[in-house]
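Enquirer: Here are the chains, one letter per residue:
Number of protein chains: 2
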Amino acid sequence: MFTVLKGVFTNGIHCGIKKKKRDLSFIYIPNVYATAGVFTKNKMVAASVVHTKKCIKSNNLKAVIINSGNANAATGRQGELDVKETSMLAADYLGVNRSEIGVASTGIIGKTLNMGALRLGLDNLLSIFKEKPDVLNPDKKLNDDILDSIRNGKSTADAILTTDLVEKTTTRTVMIGKKSITVTGMTKGSGMIAPNMATTLLFLVTDAKIPKNILQLYLNKAINRSFNMLSVDTDTSTNDMGLLFSTGEHKIDNESKEARTLFQELLTDVCIDLAKKIAMDGEGATKMIEVQVKNAQSVLDAKKIALNVVNSPLVKTAVFGEDPNWGRIVAAACKDPSVKINPNKMDVSIDGLTVYSKGTPVTLSDDERESMFKTKEVIIELVLGIGTSSSISWGCDLTHGYIDINTEYS
Amino acid sequence: MFTVLKGVFTNGIHCGIKKKKRDLSFIYIPNVYATAGVFTKNKMVAASVVHTKKCIKSNNLKAVIINSGNANAATGRQGELDVKETSMLAADYLGVNRSEIGVASTGIIGKTLNMGALRLGLDNLLSIFKEKPDVLNPDKKLNDDILDSIRNGKSTADAILTTDLVEKTTTRTVMIGKKSITVTGMTKGSGMIAPNMATTLLFLVTDAKIPKNILQLYLNKAINRSFNMLSVDTDTSTNDMGLLFSTGEHKIDNESKEARTLFQELLTDVCIDLAKKIAMDGEGATKMIEVQVKNAQSVLDAKKIALNVVNSPLVKTAVFGEDPNWGRIVAAACKDPSVKINPNKMDVSIDGLTVYSKGTPVTLSDDERESMFKTKEVIIELVLGIGTSSSISWGCDLTHGYIDINTEYS
Chain A
1 MFTVLKGVFT NGIHCGIKKK KRDLSFIYIP NVYATAGVFT KNKMVAASVV
51 HTKKCIKSNN LKAVIINSGN ANAATGRQGE LDVKETSMLA ADYLGVNRSE
101 IGVASTGIIG KTLNMGALRL GLDNLLSIFK EKPDVLNPDK KLNDDILDSI
151 RNGKSTADAI LTTDLVEKTT TRTVMIGKKS ITVTGMTKGS GMIAPNMATT
201 LLFLVTDAKI PKNILQLYLN KAINRSFNML SVDTDTSTND MGLLFSTGEH
251 KIDNESKEAR TLFQELLTDV CIDLAKKIAM DGEGATKMIE VQVKNAQSVL
301 DAKKIALNVV NSPLVKTAVF GEDPNWGRIV AAACKDPSVK INPNKMDVSI
351 DGLTVYSKGT PVTLSDDERE SMFKTKEVII ELVLGIGTSS SISWGCDLTH
401 GYIDINTEYS
Chain B
1 MFTVLKGVFT NGIHCGIKKK KRDLSFIYIP NVYATAGVFT KNKMVAASVV
51 HTKKCIKSNN LKAVIINSGN ANAATGRQGE LDVKETSMLA ADYLGVNRSE
101 IGVASTGIIG KTLNMGALRL GLDNLLSIFK EKPDVLNPDK KLNDDILDSI
151 RNGKSTADAI LTTDLVEKTT TRTVMIGKKS ITVTGMTKGS GMIAPNMATT
201 LLFLVTDAKI PKNILQLYLN KAINRSFNML SVDTDTSTND MGLLFSTGEH
251 KIDNESKEAR TLFQELLTDV CIDLAKKIAM DGEGATKMIE VQVKNAQSVL
301 DAKKIALNVV NSPLVKTAVF GEDPNWGRIV AAACKDPSVK INPNKMDVSI
351 DGLTVYSKGT PVTLSDDERE SMFKTKEVII ELVLGIGTSS SISWGCDLTH
401 GYIDINTEYS
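First to last, the sequence lines map onto chains A and B. Going letter by letter, the first sequence gives residues 1 to 410 in my numbering. Going letter by letter, the second sequence gives residues 1 to 410 in my numbering.
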């Protein structure tokens, strides 16, 4: 669940960019304390990413407007104008500066946005804040209809989806000092998922009061261990964006090492949980694949190997077919000549069953071969035996469903 | 066609490694003048590759024994012993040194070879050379049955295949000086195809007399422009091997720049033709994809971009579905942050139809959108507009056939 923390306003509706489903939403935090962001490294960068990146450099975002169904990428000057107009309209409804409004888009690349639909949608979503500004007052009693239209995390989590089959949200709470601190997040993504800074769209909110520069460091670290180790199909999106908002409600001791460690763990846990939800819902996926690389010579090597295995189409199809063809795992693990790996020191196991040990295949019974890849979450472990570094990646199997979804997308 | 040049002996049979199809073959050039080789960079390297690489370092190979149906990779000490025995047996039949016998294997990884079948097969293929050594005498008249069993390029081209649907052979001839010079080759490969030095198995023979050190340079250059720009599924094989034999029949002027250029072009042409045949026969492929990158800032950038586009699962599925979703091409081209590329200077066209020009999508008619990706050989051209370097890559679409083939391989 995405928890609508105190001081947070959000909702999602259908405005007409998609045929039927929800496609427009906002997150609005009028008294935001700090915001941090990570963005795609794809050089074909969407106008929304350029805008939001620029805003976050000098300002804290008070709101983000999110549309799905159209990425507004590779759309030239028109695309830039459309982002500008979106942020101006939203700024007007909310009575804030245009540079405090982030914009995020996801969907097809190369098509101009339906601004007619978007304009009406923004009016539908945001005019209440201009007309009845006292809805922001925490002491005011509001009826259910109004609450539904301004504090509705479920609709937003739905409105940011594209080919996703399920909403992806997580909330975790821990005690830091004497405060109960929450991180809550939502993400989307199913195809065009490959790590680079942030993958897909991701929105996180915490009630911990954390200054902007520190908030950004927390976010970077969490993303590197979660979203940057996630790959459905090796294709990095033009629109990747991950935002983390601090509402500033609860003070924590930002100088204490213990508090810092606790918050980092909390945030990383939420990000890993959300990344795994994307892997599980990868386009056409029937199984999640987790690749654990241990005892590598460096973290960089461990990451490369973990991603090469989780990205291998031959490993992915073997997992889908439950075909005990483990040789493909060792081939994929060793394929990059730039990594340190020695097949004669390596052990490979699948869901706890060792199949290859230090240069030699393990003799398996028919039952053991039969059992391979039968789990819903396949854990592949590679113990390299040449160091102390490790990494984990997440992905999914490659199935007929992926082909079906991606042959008729536009 | 693979042309069995003067002084070359070859044949392929079924020995029992596969259930029914041909699986064992040889190429034997008793008076070979020089040999060159390129090998996989996968660190899980098959015993056959280790052996053949070592042989070629100090010797010219007089023969290569090739089995399909089993890669004999990740098979530990037993795998090494099996390669040793294969080369010893062949050396005995042919009356040459063991270190003059190359071994090449292709097929499933992680399974021990059926040496019983292989031993009988070698006897079947090679005993004639021990029993009737005068079959090697070029002046001796031989009956068709004997010729069929020792100069049968078609059977060899068939016996090296795995999931391939068709044999892949090419022969080209040009005049160099006053000599008509031929390069002839055969290759195999359909899955686990990604460039690294040589991809898959490749055997080339020329009648030009070229010393070993120069022969190797020619081969490296040709491979870099052909097989190293080929990718069906990004997975590099553990068994890749490409060998080039010079029979030494025709002297050419190895010092003349013109002769060198002519031979390099001839060899590169043959390699490109063979690489394209692999792309065309990629597992499950219905279309070949050629990606031409022009006006890049460096050849390395051009290569990376060409490979990123041809490897993109989203581009590959759009081509399969004939879905005019060209935005995926620009996203894939720009996804690697290490390459120089500027979307605002780039033009993209598909089979001659410009879809994106200098930052802006081109307005297309319905007919034009309908026509996209309808050809059997899809040509994607990216003109980057920031330099003078170029590169071409080859691959294929991603289809239900690829999934079917790879879910039940072992």
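Hints were generated in silico from the structure; no laboratory data involved. All figures in this text were calculated on a predicted structure; none of them were measured in a lab. Incorrect hints may appear among the rest.
Treat identical chains as interchangeable: a pair holds within one or across any two.
Result set (DSSO-like, lysine-lysine): computed pairs, CA atoms no more than 30 Å apart in a straight line [claimed, not checked]:
id : residue 1 : residue 2
1  : Lys21     : Lys178
2  : Lys57     : Lys19
3  : Lys340    : Lys221
4  : Lys53     : Lys111
Enquirer: Hint by hint, say whether it matches the structure.
Expert: Outcome of the hint check:
1. Taking CA atoms no more than 30 Å apart as the test, Lys21 paired with Lys178 passes in neither setting, with 43 Å inside one copy and 73 Å between copies.
2. Taking CA atoms no more than 30 Å apart as the test, Lys57 paired with Lys19 passes in neither setting, with 35 Å inside one copy and 64 Å between copies.
3. For the homomeric pair Lys340 and Lys221, the shortest alpha-carbon distances inside one copy (24 Å) and between copies (27 Å) are both at most 30 Å.
4. In this assembly of identical chains, the alpha carbons of Lys53 and Lys111 lie at most 30 Å apart only when taken from the same copy (22 Å versus 52 Å across copies).
Hint compliance for this structure: hints 1, 2 are not met, and every other hint is.
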